[in-house]
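**Q** Here are the chains, one letter per residue:
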Amino acid sequence: MRDKLRKWREENFRNSEQIVDVGEELINEHASKLGDDIWIIYEQVMIAALDCSRDDLAWSCLQELKRQFPDSHRVKRLAGMRLEALERYEDANKLYDSILQDDPTNTAARKRKISILRAQGKSSEAIRELNEYLEQFVGDQEAWHELSELYINEHDYAKAAFCLEELMMTNPHNHLYCEQYGEVKYTQGGLENLELARKYFAQALKLNNRNMRALFGLYMMAGRGKKENKCSVKAVEEMLESMQITMS
Amino acid sequence: MHEDDSGVTKKRTLQLPSMSVPLSSHEMGEVELSCLAYAKMYLHASQFPRCSVNGLLLSSSAAGGAVCITDCVPLLHTHLSLAPITQLALTQVDVWCSQTQQRIVGYYQANACASDSSPTPCALKIAEKIFEQCNNAVLLMIDGEKMFPGCRVPPIVMYERKDARWALKDKHTIMLRQWEETCSIVNQLFSSGDQALLVDFDSHLDDITKDWTNQKLNAKIMELVSPANGNV
Chain F
1 MRDKLRKWRE ENFRNSEQIV DVGEELINEH ASKLGDDIWI IYEQVMIAAL DCSRDDLAWS
61 CLQELKRQFP DSHRVKRLAG MRLEALERYE DANKLYDSIL QDDPTNTAAR KRKISILRAQ
121 GKSSEAIREL NEYLEQFVGD QEAWHELSEL YINEHDYAKA AFCLEELMMT NPHNHLYCEQ
181 YGEVKYTQGG LENLELARKY FAQALKLNNR NMRALFGLYM MAGRGKKENK CSVKAVEEML
241 ESMQITMS
Chain U
1 MHEDDSGVTK KRTLQLPSMS VPLSSHEMGE VELSCLAYAK MYLHASQFPR CSVNGLLLSS
61 SAAGGAVCIT DCVPLLHTHL SLAPITQLAL TQVDVWCSQT QQRIVGYYQA NACASDSSPT
121 PCALKIAEKI FEQCNNAVLL MIDGEKMFPG CRVPPIVMYE RKDARWALKD KHTIMLRQWE
181 ETCSIVNQLF SSGDQALLVD FDSHLDDITK DWTNQKLNAK IMELVSPANG NV
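Same order as they appear, the protein sequences are chains F and U.
The numbering of the first sequence is the UniProt record's numbering, which starts it at 1 and goes up by one.
The numbering of the second sequence is the UniProt record's numbering, which starts it at 1 and goes up by one.
FYI, nobody ran anything at the bench for these hints, they're computed from the structure.
These numbers come from a predicted model, not from an experiment.
Where a beta carbon is used, it is the ideal one built from N, C-alpha and C, also for glycine.
Nothing false has been slipped in among the hints.
Label pairs and their calculated CB-CB ranges:
1) F:E149 to U:Q87: 19 to 25 Å
2) F:Q63 to U:V95: 54 to 60 Å
3) U:D163 to F:E11: 50 to 56 Å
4) U:A219 to F:D21: 25 to 31 Å
Which stretches of chain F does chain U cover? Using the computed rule of at least three CB atoms under 8 Å from a CB of chain U, they are:
5) 151–161
6) 175–187
7) 210–220
Calculated pairs, DSSO-like style, for lysine-lysine (alpha carbon to alpha carbon, straight line, at most 27 Å):
8) U:K125 to F:K159
9) F:K94 to F:K122
10) F:K122 to U:K146
Take the sequences, apply the hints, and build the full model.
**A** This is the structure:
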């Protein structure tokens, strides 16, 4: 069970119901055998519990962590997340502000504040804060991706494309970013953008030939009459044949 | 006797109780939502509580008269406002509909932010496209705040095209037959774990062997629908 939790932790899965099931049993019945691992498990289970509206479980995990690490910023942030889950955004913000007063470089607290703006539907403020954050912490991939999502929701495709470009520069082998970039360019429309879309769908397929979105993207570009696109159709058809896809 | 603002007393006119005549189900402007369509929409929104989700509403009955939404196809839970996959899905559903004698009659969406159930620009755009082909198309927004167990009101807000804009539909023209039974069917799907069977178009793209027409889930739901209902 510990191994399952560790795997989910390392791969950042958000399967909160499963984590709560496994974690609660582990904590209630096998706490003594966990050693120092128990603290990180309390943290993982607490966050999952908040996701499943299990405030009882979240509260008890938080209490254990508070007892063990009384002045920790990391635990304070968890307390803030619990307040967020209860929609007590003012109180949560005060908590995060107090963390930032002590430690202005605490990225976790800043990101939580931006998440609060998002939860409240204040997209333009969230975008502004996230931009300011990224000026200081240029390498934060998670933040760039979050920003691209925010821009896509606001239909600001040019800026979303910029964020994805940043991500592709630092992660040239990530087929998902290429494919998303293709989708954004396709949505923007216009000859140049469609050409770029086609190139990036093709690149995504080169990196991972099972990326169906890129495959379909390329296929859809193919109906546009140009000579290069006829080659795309052939390439797509050959790929589909080689994958021999059948519906279940 | 009561006084109005001008100080003149008016006689209150006696109102005769009107005989309530049940509306015939083929009255124009009426929309009927089947258990199958409702259940799958609800399951779709529940499967992705942190995302906005959308899908298409289908009808297997002929055009004209009331709109009977008999089924739905859950589409996306990511990047609803990006064009390529939406276009792809619309095309594929269109083809499937023509093969199965169904028509696309509407669009549904559930926003990630449960407290905001107003249609997004993307929802309006897609609904417009559907309206071009179907002149009594409906736009259905799922109200996240009403999606809790024991809620006595369907978590649905419906819009129809009136005077070149999408206006709220009169609640009395929306029919959900056997509402309690529908709720209980949804609960049964959750307790049996069958809600996990739901496949949307996005999931199909992640694993192409998954069936976005949800034949298996449809069969399970139809089993649960009581035979006495007839055409639900």
